[in-house]
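Participant: Just so you know, the sequences run in chain order A and B.
So for the first sequence, our numbering puts the first residue at -16; every next one is plus one.
So for the second sequence, our numbering puts the first residue at 105; every next one is plus one.
It is possible that part of the hints are untrue.
If the Cβ cut is set under 8 Å, some of the chain B residues that face chain A in the computed set are [as the list claims (entries may be wrong)]:
#, residue
1, Pro145
2, Ala205
3, Val296
4, Val317
5, Gly318
Stretch-level coverage of chain A by chain B, calculated; a stretch enters the list once three of its residues show a Cβ under 8 Å from a Cβ in chain B [to be verified]:
#, segment
6, 115 to 122
7, 140 to 152
8, 163 to 170
9, 206 to 213
The hints are simulated quantities; they were obtained by calculation from the structure and are not laboratory data.
Even glycine gets a Cβ: it sits at the ideal position worked out from N, Cα and C.
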Amino acid sequence: MNLTPVLTDTWDKDRSWRLATYERNGGYAGLKKALTMEPAALVQAVKDSGLRGRGGAGFPTGMKWGFLPPPDGGPRYLVVNADESEPGTCKDIPLMLASPQHLIEGVAITSFAIGCDHAFIYVRGEVLHVYRRLLNAVEEAYKAGYLGKNIQGSGFDLDVTVHAGAGAYICGEETALLDSLEGLRGQPRLKPPFPAVAGLYARPTVVNNVESIASVPAIVARGADWFASMGTEKSQGHGLFSLSGHVTRPGQFEAPLGITLRELLELSGGIRAGHELKFWTPGGSSTPIFTQDHLDTPLDYESVGAAGSMLGTRALQIFDETVCVVRAVSRWTDFYAHESCGKCTPCREGTYWLKQVLHRIEAGEGQDGDLELLVDLCDNILGKAFCALGDGAVSPITSSIEHFRDEYQAHIDGHGCPFDPSASALFPYTPKTRTPGALTGAGAGGH
Amino acid sequence: MTADPQAATKTGYDAETVASLTADATAIMARYPDPRSGLLPMLHLVQSVDGYVSRDGILFCAEMLGITAAEVSAVATFYTQYKRHPNGTYTVGVCTNTLCAVMGGDAIFDELSDHLGVGHDETTDDGAITLERIECNAACDYAPVVMVNWEFFDNQTPETATALADKLRLGDDVVPTRGAASVCSFKQMSRVLAGFPDGRADEGTGAGEPTLVGLKVARERGWTAPEAPAAGGAAEGAAAGQTSPPVGTPGSSAERKPATSSDTETGKDKKPGEDAK
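Please take these sequences and the hints and turn them into a complete structure.
Facilitator: See the structure below:
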């Protein structure tokens, strides 16, 4: 399957982040065309394109816009979720560093389509230069008349505020993001009401991922049919596939949905020399892990789902045979325990206990019955937590026990980890003796 | 506001600091329909002055927003970037989430910790460096990753990381792999995060090698996205003939009742288990 550079197409240009570069390469043709169209026709075009949320959930973008209630004269908001934090996910940050105007143009078109005159971009606070680029991109767009009053003489007004978060994975959950944007602790809200009805300041709000919004300008400029001509029947268009880990040339690959890991590995030089694939995530750490058996699974929403995982954010973290699956999963579990917001008991307490059990297995102190205990704990979290963070926390555990139960058991029976942790590193080193408490800290603490 | 700004505040800031903080906080609050939305940037602002979220900073935010100090503290303690004790001039964060950890992040953290004599969230005696374990920072294709004041230092090793730390302690400039031409101080960084640009957006690169690896392959093989259909296209087609009911009118999707789990799960990115609910 051929790669299809659309969003990435300008990234190798000189000063790719500048508005002038973007305009020279066809930028803002979409907005100019959109302003001549009826907003409802824009919503329909995005529906027709088949674009589905690129932030992981895969909800049809145009349908999400269509959920807004009728205008009542009050404000309606667009909030861009630029809080990219899902482990393994590394597509929106390079997009905004290399070509923030793709996003700004998408924000302008989307705002026009949904009747919004004040849009927000919520970017995680831990990417200083990306925030600089976004602030600068917005300023350039104002000066050029793509934002502000009477945009391109259309009579349409739009202000854009770029807002930096302050470090909290949970703020990628859209209602937690809205609470955070309102100046509160970032904890999820009960749904319904959905943000489309009562979102930011309890007003109708669309929350979309960066890549989703950045995909809109080309859909408008080139047509819904053009977009839908890429990908599969139900998973249409192009998407960024992020390969990381034990591959020869990791990085971003923009391809039609439905490409396979086997194809992507061929393009990235394969697994690092002398090693073989052991396990991988198709869409970030919250998506159940895959193995060699899934090399030919088409990476589209339906096929990945049918194979027991989720397409998620197309964050393909590749681990070779040197990696201990217990170590990998234990560390992800530290992450979820640390990032659990504390609002609901199954997630707050459950991730804490998952962490304890995994730590003791990893340390060689596992007991018979620990695997059953883990599975039971997972069963008490999955589907019972307030938001999807709890569900995400259990998927690496349940899927890895399913695929690698013997490896877990070997830690318990052998009273220790059979792997040399230095073998998975990209450089030689002698592991230091892990002192008690060495794992306290970000990965091990909690709010 | 009285002639003496200190008279109106319970903070211990001097008049000049109160005046400049007030001017900046006012500018922040003006960005939002509801001033309370300004709290996160205002806490970054406080850190740009005090180097952490101080008692005075909490009181200041509370006074500006007309909320209690407890309400401000509740927010400040939720987010990891807000420091509850004075931070070093540089936060050195080593990603020890799974992927970076197994590729060398654990070794880098252990080496730095030994080298600097501090653990997670501890600051060197000279006040130069606060060492942290950090979570995934969206640069997995550059693993193992180290962040200095939230600028990217990609593809690190224990040797490069300790050399980096040594330079920081000597006060030498260090250059991020993808970022500004040099790393600014924690306080300067905090001011940018409060939404006040420092004019450095044009410094540095747009993309590193991994960011461009797929594009390079496409260029080499002559691959492009499909051509757009000749003038017109589906978007105009929609405008011409297939227009759906305007958003929110009867018959539009706003009126549609949720039918599947995906209709009711528009939440966060990701998340397995949705289908199981």
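Participant: None of the hints should be skipped; say for each whether it holds.
Facilitator: Going down the list of hints, with the structure as the test:
1. Pro145: 7 Å, holds
2. Ala205: 6 Å, holds
3. Val296: 6 Å, holds
4. Val317: Check passed: Cβ of B/Val317 comes within 3 Å of chain A, closer than 8 Å.
5. Gly318: Holds, because the Cβ-Cβ distance from B/Gly318 to chain A comes to roughly 3 Å (cut-off 8 Å).
6. 115 to 122: holds (count 5)
7. 140 to 152: holds (count 9)
8. 163 to 170: Holds, because 7 residues of the segment 163 to 170 of chain A bring their Cβ atoms closer than 8 Å to Cβ atoms of chain B.
9. 206 to 213: holds (count 7)
This entry satisfies every hint, going by the numbered hints stated previously.
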